[in-house]
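Trainee: Sequence:
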Amino acid sequence: MSSKEKRLILNAVGLYSNIYALKNINSPLFQNPYAVGFGGQYQYLTIIGLVTATIAFGLKLLRYVMPNFSAFIYTIVTNIATPLEGLISVLYWSMILIDPRLLIPDELPRIPLTLDFSLHLFPAVFLWIDFLMFDIEFVRSKAHIILIAVFTLCYFVWSWYCQSVNGYWPYPFLGEFTFWMRAGFFISSGMLCWGII
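By the count of the working numbering, the sequence shown reaches residue 179 at its end, each step adding exactly one.
Keep in mind that the hints were calculated from the coordinates and are not lab data.
It is possible that some hints are incorrect.
Stated by the list, open to error - For lysine-lysine, the following DSBU-like pairs were computed, each having C-alpha atoms within a straight-line distance of at most 35 Å: (1) K124 with K(-12); (2) K124 with K(-14); (3) K5 with K(-14); (4) K5 with K(-12).
Said to hold, decoys possible - Simulated restraints, written as ranges between beta carbons of each label pair: (5) I169 with T57: 23 to 31 Å; (6) F12 with W176: 29 to 37 Å; (7) K5 with P82: 36 to 44 Å; (8) K5 with I55: 18 to 26 Å; (9) F99 with S146: 17 to 25 Å; (10) I(-9) with S52: 16 to 24 Å.
Every residue, glycine too, gets a C-beta built ideally from N, C-alpha and C.
Let the hints inform the model, and build the full structure from the sequences given.
Mentor: Here it is as structure tokens:
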């Protein structure tokens, strides 16, 4: 099997996993009452990352049949999705191990492990395998850092705006922070993404 075929299979599995997660996040079995507020599911970095990763997998598959399809869009999307999914996975699993209530209020049921992995682990694993095995031509530049900084700032403003409308933060631990602690958390997260790529 050629490396192009391996990459095709990897990205097809990644796309399938993400579609499974996106399809099941609104299941009545594990409905999140906090996601009905302003911003809906898109208050959550996990969902924004999942959508971005889904687009990245779709673009990777499209470029298999049309190799020159929009290199500019492909670069922007994959340069956000890959470090973002790495960050989401690191933050989520470390906080879940420390104290699940940092992310999930007590009154919410836990989601099945398969869905949890599809939301918080598989996108990072598939994107990083693809990046490390097949993106050997990647060269880090200031544009990557600026892109991550802009994304970090946009999500900080977006989550603050959602909180101002809803009266609660997307993740419980953010409600325990002062403004400067939140700003420091977002800056540190952005810097971790810069370090990842």
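Trainee: None of the hints should be skipped; say for each whether it holds.
Mentor: Consistency of the hints with the structure:
For a cut-off of 35 Å, the pair hint linking K124 to K(-12) stands: about 31 Å separates their Cα positions. Straight-line distance between C-alpha atoms of K124 and K(-14) comes to about 29 Å, which keeps the hinted pair within the 35 Å bound. Of the supplied pair hints, the one linking K5 and K(-14) holds, its CA atoms being roughly 28 Å apart against a limit of 35 Å. Distance check on the hinted pair: K5 and K(-12) sit about 26 Å apart at the alpha-carbon level, within 35 Å; holds.
The hinted range of 23 to 31 Å is satisfied by I169 and T57, whose Cβ atoms lie roughly 24 Å apart. A hinted range of 29 to 37 Å holds for the C-beta pair F12 and W176, which are about 34 Å apart. For the pair K5 and P82, the beta carbons lie near 24 Å from each other, so the given range of 36 to 44 Å is not met. Take K5 and I55: their Cβ atoms lie about 24 Å apart, and the range 18 to 26 Å holds.
A C-beta distance of roughly 33 Å is found between F99 and S146, which places it outside the suggested range of 17 to 25 Å. A beta carbon spacing of about 23 Å between I(-9) and S52 agrees with the range 16 to 24 Å that was offered as a hint.
Hints 7 and 9 from the earlier list are contradicted by this structure; the remaining hints agree with it.
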